[in-house]
Structures are given as C-alpha cells and as structure tokens.
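Same order as they appear, the protein sequences are chains G and B.
For the first sequence, the working numbering gives the first residue as 1, with consecutive numbering after it.
For the second sequence, the working numbering gives the first residue as 1, with consecutive numbering after it.
Among the hints, erroneous ones may be present.
Stated by the list, open to error - Per the computed footprint, the stretches of chain B lying under chain G, defined by three or more beta-carbons under 8 Å from a beta-carbon of chain G, are:
(1) 145-155
(2) 186-199
What the hints assert, rightly or not - Under 7 Å between C-beta atoms, here's a sample of chain G residues computed to sit facing chain B:
(3) Met32
(4) Val39
(5) Asn46
(6) Leu47
(7) Leu62
(8) Ser66
(9) Ile69
(10) Glu73
(11) Val76
(12) Gly77
(13) Leu80
(14) Met87
Hint data in this document are derived by calculation from the structure and do not stem from the laboratory.
Where a beta carbon is used, it is the ideal one built from N, C-alpha and C, also for glycine.
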Amino acid sequence: MAAELVDFALVSVALLGIGIYGLAVKRNFIRMLFAVEIVINAANLNLVAFARFIPDSGGQTLALFSIAIAAAEVAVGLSLIIVAYRMYQNVDVADFRSLRG
Amino acid sequence: MTEPFSTPLLLIGILGTAGAALPLLGIARRDRGSHLYAAIALGALAASLALVGYQVISGVAGPPAALPDGVLADDAFGAVLAAAMIIVALISTAGSIEYMRKRSAPAVYYSLILLATVGMVLVVYSADLVMLFVAWELMSIPTYVLVGFNKRNPGSNEAALKYFLFGALASAVIVYAISLAYGLTGSTNIGEVVAGFAALDISMVPLALLSVGLFIAGFGFKMGLVPFHQWLPDAYEGAPAPVAALLAAATKKAGFAAAIRVVVMGMISLSVDWTLALGVLAVMTMTVGNVAAIMQRSVSRMLAYSSIGHAGYILVGLAVAPHSQLGMQGAIYHIFNHAVMKGAAFVAVAGMVVALAATHMDKLAGLGRKMPVTSLGFVLSLFALAGIPPLSGFWSKLVLFEGAIDAGSSLWWAPWLAIAGVLNSALSLAYYGWITRRMYFEGEREKRIAEPRSIAAVMIAASVFLVAFGIYPEPLLGLASSAAPLIP
Chain G
1 MAAELVDFAL VSVALLGIGI YGLAVKRNFI RMLFAVEIVI NAANLNLVAF
51 ARFIPDSGGQ TLALFSIAIA AAEVAVGLSL IIVAYRMYQN VDVADFRSLR
101 G
Chain B
1 MTEPFSTPLL LIGILGTAGA ALPLLGIARR DRGSHLYAAI ALGALAASLA
51 LVGYQVISGV AGPPAALPDG VLADDAFGAV LAAAMIIVAL ISTAGSIEYM
101 RKRSAPAVYY SLILLATVGM VLVVYSADLV MLFVAWELMS IPTYVLVGFN
151 KRNPGSNEAA LKYFLFGALA SAVIVYAISL AYGLTGSTNI GEVVAGFAAL
201 DISMVPLALL SVGLFIAGFG FKMGLVPFHQ WLPDAYEGAP APVAALLAAA
251 TKKAGFAAAI RVVVMGMISL SVDWTLALGV LAVMTMTVGN VAAIMQRSVS
301 RMLAYSSIGH AGYILVGLAV APHSQLGMQG AIYHIFNHAV MKGAAFVAVA
351 GMVVALAATH MDKLAGLGRK MPVTSLGFVL SLFALAGIPP LSGFWSKLVL
401 FEGAIDAGSS LWWAPWLAIA GVLNSALSLA YYGWITRRMY FEGEREKRIA
451 EPRSIAAVMI AASVFLVAFG IYPEPLLGLA SSAAPLIP
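Pulled out of the complex, with its shape left as it was, chain B reads as follows:
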C-alpha cells in the first residue's frame, strides 16, 4: 500500500496543484504578463526537485526492488529518474520564458508542461500496469497540445498531427499488450505479471512473447527506436524549441524507464534469448540516427536524429542488462546525462529562434561571436553528446560500453555492441564538429547581439553541470548504481 506522504504523491500534489491553478490564474488576469506564470511553474518544479533531491541524498528512498508490489514504488530508481525529468522540465520552462513572451496563452503553456511532468514522474514510479498506462497518457496528451502550440504555424500543426497519430497508436498498442498480460496472469501488478509469465504453461509462451513484443513497440514509439522513429524528426522540428527539449530529453526517457520496469523484467522471466533482438535494434537505431543526422540542414532536425542515435546507446545497456549489472547502471547514468545534454542543446536552439528567428545551419556562421554564452553552452553540450572526455557524457558512455564488454563473457556478440557504439560516436563527432566549425570559424566580423537572458542562464548552468560532473563523475555514478534494480 502506498503511504499517504510518499514522494510520488507529494510530487503530484505540488506539480498538479500548480498545473491546475495556472490556467485559472490566467483567466483571472486575462493572460497579462507571462513572467508570473513562468515564475510559478519554476517555483513548483524547484520545490519538487528539492524534495526528490532530498529523498535521493538522504537515502530515504528505499533501494530499488526488481519487482516492487503496490501501485507506486517509492524507490531510488524512481527518485533518480524523476529528478532527471524534473530537471528537464526546469530547463524547458526556463528556456520558454523569452520564447513565450510575445505568444498567446502563456498560462496554459506552462500548465501543460507541469501536467506532462506529473505524468512523467508517475511513469517512472509506477509499479502497476494500470498506473503506468494512466501516467503514460497524462504524459502524452499535454505534449500533443504543446507540440502544436504555435497554431498559426503549419509546421507546428503538422508536427502535432504526426506526433498525435503515432502517439495514440503507441498507447493503443500498450493497452493491447496490457490486456494480453492481464489475460495470461490475472493481475496488473508488474511483479505479479512477471512472476506469472515465469510460471506460464509452455503453450501460452508465444502469447506472452507477443505481449512483450507489443510493449517494446509501444514504448519504442516514444523512445524513437528505429522501425518506429519516422515521426520523431518531424515532431521535434515543428514543435516549439523548448517543447522539443521536453520531448527529446524527458518523455523519451520516461519511455526507457517504463521499458526497464516492464520489458527487461518481463523478458528475464520468460528466459527466451531476447537480448540479441534488443542488441540488433540498438545497433540499427544508433546507426540510422547518426547517419541521417549527418545529412540534415536544420539544427533541430539534426538534434532529433542525434537523439535517435542516443536511444540506441541506451538500448545497449538494456540489451546486456541480464548479463552485466553495469548495463542497467550505464543506461540510468546515460539517461540522466542525456537529459541535461539534449535539454541544453534544444534550449540553445530556442535561443537561436528567439534571437535570429532561424534554425538553419547556414545561419550558424559566426554565432560564436554573436551569442558567445549560448554558443559555448551549445558546443559543450554537443561535445558531451559526442562523448568527449572530460565532459560528463563521456563517463556514461564509458559505463555503457564497459557493460557491453563485461557481458562478453557470457554473450559472444556483446562486445560488438560496444564497438558499434564507439564507431557511431566517432561518426557523430563529424556533424557536431562541423557545427562547431561553422559557429566559430566562419562568418565575418559579426557583432555581438543581445542574448535572451534566461536561456543564457540555462546554458551556464548546463555547462557547469557537464564540466563539473565530467571532472568529478563519482556522485552521479554512485546515484546510477544505487538506482539500478538488481537483476535476479
């Protein structure tokens, strides 16, 4: 039974109240002055981050059980990933302040971000399939609206329609998977479902495999795994840039959290050789993402493909999870890092949209002199995404690939995943380096222009995070290893 004052419930209280109050306040004040709404949203998010941070640091959050009972599991796995989600929501809200200044309905906008955050936090904590599904929808429905928020812009509308169609199909597939799992085991608790799968009659195993496959497909839509990724670049390009940060860095990671809770555990209990399937998916995802990213001319589209590539790296961790404890740790560590890196990169794009009204590569020439702070943060996050030491992205990739090599003692092909990952990182360096060259070594005598202040603040905070945890990675590594559920 969930305690009345457990972390997830308190988080619902804080974020949900602020999210519900904002539109009412907006009606009362006739939407004047968007800064107040942003301040309220930031306050609620900061309070929840402080709460989760306290839970993590003080060790109140219990160690993660592989198969928790109850509806919501108040454990370290949930707390660490919830912290990542809330950090992204903070980044995205702060990045929206200048972006939303001249646009309509700011109160609704911030309220939707908060409600989507409640959904993501609940996805991460949920230990029951009903809860997982409701939280999944609470996370998805606000983001459909957010993607189409610039409703006079055809691109934004088209992005929202595509995202909506694929998202709705993904939820439908997830309900179908839940219905099969429920029919086979008679329970919706994830732990009981997994135990039921393990005790299944041999004639029913194909149905259980179908259920797990549908789960992978449903979560894979959000994660951007390769056969299900077509909507993703369109949605990220058309969406308002701060919303793209939220999608790429947070909702995608919520998909991974759900996959860890359901798929990895379910697959282990079925004792079928499934790691090869996930490994092949991982290699396909990272290769398609990185190769397509090279060909893009729009910065947000390139970042979208690069986030597909990163989904592939994280999937390596899930694929080797049963054979090496490092796999799960690396996945959680990389989820956390990628949240900050990709969030910061998309907020930098938001800065370009505000200051230059463009995201095309050609407009980047001389940006290093025009907007020095934004450019520096952007370049640091790009290099962290590529995994260059001593930035924090390097360490999480190192742990992931170490896990793959570590699993090599029982899986002969696992080290190849690490090799594919390293080759892909090298490939990604090509387009990150190309952007950097444009920003710093092209363009003639550009004058410095006014940088959006809140965006510059986000970039500074993100740069400090990336450099500090790159030089001193132990705290994050410790968090990731304390959050990784032990595989039975």
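For reference, chain G alone in the conformation it holds in the complex:
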C-alpha cells in the first residue's frame, strides 16, 4: 500500500517535535545545531510530500534551495563552534555567560 499524504505529515510533525525538544532540553551546542537541522528537514519532507501530491514541482525546488542553504548555515555555525572551542575547550552553552544584564 502506497504511503498517504497524512503519513508524511505525521512524520514531519514528529520531526518538528523532536527538533523543538532538542533545542529546549540539550545544552551542548552541537546537539542544538542538530535539533535545528531536524526542524529544517521536517519542513523539507513536508515540501517534497506536498509537491508529490499536488502535483507541482515548486515545492521540490524550494526543498533543494533549503538543503543548500542549510548546508551554508551549518558551515557558519560549525566555524563559530570551533572558535568557541578554542577559547573554552568546551561547547556547552551553560559556559557562555560573559554577556549578562
């Protein structure tokens, strides 16, 4: 039996929930970055599934754009993490507390 649109939507919502949970609970910066990536991929899954069922190619185009841009974003994020690691020898957000007020 072929998968229905609802199945994709459910998986996507589950991924969204996992992403938000990760952001709220985890304190390791790399894990938080992964959580954001999971949210982006939930959206990509939605886009591709909707594009398949409408049917229309626009959603797949946006999904490709979104994947490429997410990669650029991760590159910047990881480089910031490397700089932080050199400074603190750690990537725990609880250690970042020089800005307060």
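With chain G held as given, fit chain B onto it using these hints.
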C-alpha cells in the same frame, strides 16, 4: 515576469559585484590599507542609493500592489524600504572605517556588509516565498559572521553563537511555515497563497492559522518581538558596534517588511480576529523593552532594549492596519526614521569604543565636552527615539498613534495601543534623559579628545536628517503614504 533591468536586479548587480570583488582584492593586496575597501563599499552603496532614490523621486517605481505577482515586485513599497536599508548600510560602513583600522580582514568585513545588504534589499522586494526565504538567508548568514567578527573576544563569539542559534531556528520555522502554506494552496507566490487562504475549506483553516503563526514567530525572532527577544540584547552587546547598527536598524526592519508582505496580507484574507493578538504582542514588546532598558548599565545593551521597545511601536501600525490606512503608513514611516535614529545611535557607540574603549554608562560622564560632535549627534538621535518634537521621530510616532486612534471607530481597544505607546515613550525619556545628564552635567573639566572623523561625519549627517525632517516632515510622510500598500 521580472524585467531584466528592474531595480532589484540592478541593485544585486551593483552590490553583489562589489561584495564579491572585495575579498579577491583583499587577497591580491594582502589586506593592506583598509580604507580602499571601505571606499569601494561606500561607492557601491552610494550608487545603489542614488538608483533607488531616483526610482522613488521620479515615480518610476509603480504604486505598491497589495498582492503583487511574479518573483520580485518592483514597487514603491520595496523602493522606500530598500532606501532605508541602504542608508543604514552606508551609516554602518562609514562608522566602521575607524573601527576596522587596526583589525584583521577588512576586505571580508566590508564584503559581508554588502552581501547582507543585498539580502535585505531582496527581502524587501520579494513577492514569492521561495525568493523571500533565499533572500532572508542571504541577509542572515553574513550577519552571523559579522557579529562574531572579533574572534579573539569571548563576548563577540558568544553573541554570534546565540544569534546564530536563534537565527537558524527562525529560518527553520519560516521554511516550515512556507511548507504548510505551499501544501494548502499549491503555490509559493505570496498573492496566490493569500488568495488560496481566502478560498480555503473551513476544515483547513486551523492549518492556515498555524502557518501564519509560524511566520509571525519566524519573522518575530528577527524583529525582536517579546517572547522571541532573549537573544537580542546579547547579540547587540557582543557584536562590533557598527554591526549592531546594521542589525538593529536594518535586518530588524527587513523582518518587518517581510511581515507586512506575508503576515498582514495573509491574516486579512483569513478574516480571523487576529488584530487583538498582534496588539497584545505590541504592548508586551514595548513595555518589556522599555522597562528592561532602564536597568541597563551598558549603553549598547540599553539601545538593544530600546530597539525592542521600538519594534513594539511599529507593531502597533501592523496591528491596526486592516482598520486604518494610517497604520501601515505610520509603520513604514517609523521604520524609515528608526533606521536612521538607531543607526546613528549605534555608530555613536562605535565612536565611544574607538575613542574610549568602553560602552559602560559610567564612562559617559563628561562626554559632551570630550567628544562634542559625537555627543550632540547621539543626544539628538536619543531624543528623536523618544519622540520629542521637532525631531523626525516625533512625526512617525504621531502617525502611528493617530492610526491606532483612527482604528478606534471599528476596534474599541485600538486607542489603548496609542495610550500604551505614549506612556512607553514617556518611560523611555527617563533613560534617554539620564544618559544626557551624564554626558553634559557630570564629569569635571574634561579635555576635548580627538573624535574619529568618519564617525563624526555620520553623526552630523544624521543630525541634519533628524532636524530637517523634523521641521519639515512632508516629504517623508509623502513617501510613506505612497509606499503603503492599500489594504483591500
């Protein structure tokens, strides 16, 4: 279809070429002498400002359609807001010249400012969700790097990490919202999405509302609306001061432009009573921003909270937009004014960093005698932010609050937004006045010190703008009303 020589494409050409050429030039010259790069960046920005200014003044840019088709809408709404973005980029670049003199990689720095400007300009012009998302990222990714540009400074790095995390989450939320909107309507064009929302089956309306709510959350992160504002003071404090000017005065306003294009139109078509939600957000945002600003000891942190407060004022305009045409006009007018006021204020902070290496309130004592030009510009922009007549900030607040009162005929609670706004302005006067007192009436026999020249030039230009358009506000008011899309 977009014309090959439409304004947004020409702007991409000018700013993008300069932005791409600068790092190459930097490699070729081994980064010697940062002034050349600044001059190139200023030249490209001035050329684009001249282009946009010509479009606006000559009326080439067509009147704004509420729901344009195509990918990029070459209209007056885009042109006026793009002019505001480019002005901020100019202010920030000019303010960086002295700031960047002793720092590494100036070519990359100016190039990133130009690329972020391309992104902001495209956000303002975009009429398609795919374009909007790509432009949004083009605007955000360079600013992540810019915030962390002082990479030996733990504060700058921490600011960049926080800003990055919230920014990346905001983009993820926006893609999710786009995916829902696309799934419900089968199109990514904003006009078609809105039309599709209006024709939606009643059982699907909750999903459409979820999509619009996610849009508000995603854009709200950049705008600094209150439940999503925690990153903002940290990012503005840790960032290099000219970059903070760019963030507070431009990327934030690009968030508002995107919200006007998507959220306001989308909400109108859904015909749900959503204005109350935006109104409550507006009051919360301005109150939290202003109350927190009073308690700050660092000038850049105080300005950051004050910009949260101003996001609240602008949101008043969006909230009453369906009931009064003045709301949208006031929002655009205040976006334009706030761009100059906040940009100038942060550049003044950059001047303090260069000359005194401090942004703490206690170091402000006697600044009025130490750095008279910077101090005068700073005080004028602070008073304009507070909305004291006859500075230009007064008029845009007046239009915003007038819109709220005007909407009172159909919304009983709308005048309360104006009352909250006026009370908040009074509150903000407390901390602006306190800074002014420190600068002019404290400190003993301070000697005048050398002021960074380009920063002083920015302060003079901004003061002239604030005073001239305060005494004679008609031109800006005319621009704002010609740029406001008519609500159907």
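These are the hints, each one checked on the structure:
1. 145-155: holds (count 5)
2. 186-199: It holds, with 3 qualifying residues against the three required.
3. Met32: 6 Å, holds
4. Val39: Interface hint status for Val39/G: holds (4 Å vs cutoff 7 Å).
5. Asn46: Hint holds; Asn46/G Cβ to chain B Cβ min 4 Å, cut 7 Å.
6. Leu47: Check passed: Cβ of Leu47/G comes within 5 Å of chain B, closer than 7 Å.
7. Leu62: 5 Å, holds
8. Ser66: Ser66/G check passes; min Cβ-Cβ to chain B is 5 Å, inside 7 Å.
9. Ile69: The hint holds - Ile69/G has a Cβ within 7 Å of chain B, the shortest such distance being about 5 Å.
10. Glu73: Interface hint status for Glu73/G: holds (6 Å vs cutoff 7 Å).
11. Val76: Where the cut-off is 7 Å and the nearest Cβ of chain B is about 5 Å from Val76/G, the hint holds.
12. Gly77: 5 Å, holds
13. Leu80: Leu80/G check passes; min Cβ-Cβ to chain B is 5 Å, inside 7 Å.
14. Met87: The hint holds - Met87/G has a Cβ within 7 Å of chain B, the shortest such distance being about 6 Å.
This entry satisfies every hint, going by the numbered hints stated previously.
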